[in-house]
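Asker: The chain contents come next:
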Amino acid sequence: MSFWSYLGNRHQQLLTDAFQHASAVFQCMVLATVIGVVLGVLTYRSEWAGNLAVTATSTILTIPSLALIGLLIPVLGLGVPPTVTALTLYGLLPIVRNAIVGLRGVDPTLVDAAKGIGMSRFARLAKVELPLAWPPILTGIRVSTQMLMGIAAIAAYASGPGLGNEIFRGIASLGSANALNQVLAGTLGIVVLALLFDAAYIVVGRMTIPRGIRV
Amino acid sequence: MSARRPERPPGEHEVRGRAFRDDPEAAEDDGVAGAVGTGTGPLPHEAPERRLRWPKLVITPLVLGAALGATYLWISNADLDSIAHNALAGDTVQLRFWQSVKLTAYSTFWVLIIAIPVGIALTRRQLRKATPFVTALANIGQATPAIGLLALLVIWLGIGPRTAIIGMVAYAVLPVLSNTMAGLRSIDPTLVESARGIGMSAVGVLSKVELPLAVPLILAGVRTALVLNVGTSTLATFGGGGGLGDLITTGIQTQRMPVLVLGSILTVLLALAVDWIASVAEQLMRPRGLEVGS
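Chains A and B, in that order, are what the protein sequence lines are.
The first sequence maps to residues 1 to 215 in the numbering used here.
The second sequence maps to residues 1 to 294 in the numbering used here.
The hints are simulated quantities; they were obtained by calculation from the structure and are not laboratory data.
Treat the hints with caution; some may be incorrect.
Non-contacting residues of chain B with respect to chain A, defined by C-beta distances greater than 10 Å in every case (computed) [as the list claims (entries may be wrong)]: (1) H85; (2) R125; (3) A130; (4) T131; (5) L235.
Just the calculated beta-carbon pair ranges, DEER-fashion [as the list claims (entries may be wrong)]: (6) B:L157 x A:V204: 33 to 43 Å; (7) B:I140 x A:N9: 38 to 48 Å; (8) B:I140 x A:W4: 20 to 30 Å; (9) A:Q27 x B:L95: 31 to 41 Å; (10) B:R162 x A:P74: 43 to 53 Å; (11) A:V80 x B:V280: 38 to 48 Å; (12) B:Q255 x A:G205: 16 to 26 Å; (13) B:T92 x A:N9: 35 to 45 Å; (14) B:D91 x A:D107: 37 to 47 Å; (15) B:A136 x A:W4: 41 to 51 Å; (16) A:T55 x B:G90: 56 to 66 Å.
Ideal Cβ positions, reconstructed from N, Cα and C, are used throughout, including at glycine.
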């Protein structure tokens, strides 16, 4: 069976897998962004806590994803829970790091000026600091998403959802006529999804980065 | 960054100004573990970090050693049924561990042998036109899942350690390549020009000015390669390459949690140890002249 007719025959299954892949990554990214930015906001003012957060996140980042998933399985079982936990955890790291770097990079005189016109601590954060720190945070989100695309594929081995199942089905049936088609469909599907997400982030960046700091 | 727009040295009319421009996008986009956020601002760990301080040298190995000891105590006292026992029988665990180490070492060796010379070549004047092409390729490579790449190679080349190593090299070569290129491009062009101005040859400029200045970023690339390769070496099991991933997959397939947890813990410890060794090497090998305000 040629690749195209394979795609034609299995488009239902493939679309379901692709949708589940994208939705798992997307939901975990939303979760990771919220947690990551909150962690960044909580820790960036203290030298000690901020450095601890950065060190902790980069340590977790060096852990191979299959091993982390392997450690989560005895606690959470197979399927969606370890996948979501692992994806969110890995997704956090670049975001926390870039949030701290971004928030620390905000010109203190601007924050002072905001204080001077009577803005509250929360208003300063929401209207001055976070908008100025948004470009690096968005970069972190992009980096995270690309990474999660690949990790989600591996999570399929622990019965997670998504296109990784297609790849593992191909590996399991090595030598059969469809092995190549399955692996190719899964891999290319993930590449396409990753590029689509990346394009979407560029659009999001255009819409959300304040005009004054756009390069 | 935008201020870095050097005057062209004489005899370079064919170079459009573009080739000289530092491309902040490219540096920002290599979303590899070690380089998250490059170009978005000062990285905390690049801030004034001096020579090795003793806590860093001692604490990590102590913690890793203690964890290894605790794991050993736990697994030798754990209640294993026959399937789990068989999966760990003899020196299976040591064998898998050394397979992982070897896979990581070989693939890192090949990544460096390929990526650094190619990176140097691509930043030479004659080949700079290929840079956007390589950057685009690196971006697509970043989006390719490691497991998919490995599976495709297995179908193409058959199962075995060789395939696993080729897959690992293919996966890690692009991030290291873009690191090397970013390192060479971020060198202040006035330094290169003054070196040329005092009559150094192209080879002299490369070996005495550019490479020493790019050492920190190249070393960061080495570290990235090591960490990436430790990660993908767990996937080598799907290509018949063995390694600690074997223990993890056996644990999942047979639903024997001790096997799974042992494989995972050893993988984590190996990854952290490799990262620690690489970070120590990175700091030891950094040229002294670059330590302050690099």
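Asker: Give a verdict on every hint.
Answerer: Status of each hint after checking the structure:
no.	hint	result
1	H85	18 Å, holds
2	R125	27 Å, holds
3	A130	21 Å, holds
4	T131	20 Å, holds
5	L235	7 Å, violated
6	B:L157 x A:V204: 33 to 43 Å	40 Å, holds
7	B:I140 x A:N9: 38 to 48 Å	27 Å, violated
8	B:I140 x A:W4: 20 to 30 Å	21 Å, holds
9	A:Q27 x B:L95: 31 to 41 Å	40 Å, holds
10	B:R162 x A:P74: 43 to 53 Å	33 Å, violated
11	A:V80 x B:V280: 38 to 48 Å	39 Å, holds
12	B:Q255 x A:G205: 16 to 26 Å	45 Å, violated
13	B:T92 x A:N9: 35 to 45 Å	42 Å, holds
14	B:D91 x A:D107: 37 to 47 Å	59 Å, violated
15	B:A136 x A:W4: 41 to 51 Å	25 Å, violated
16	A:T55 x B:G90: 56 to 66 Å	38 Å, violated
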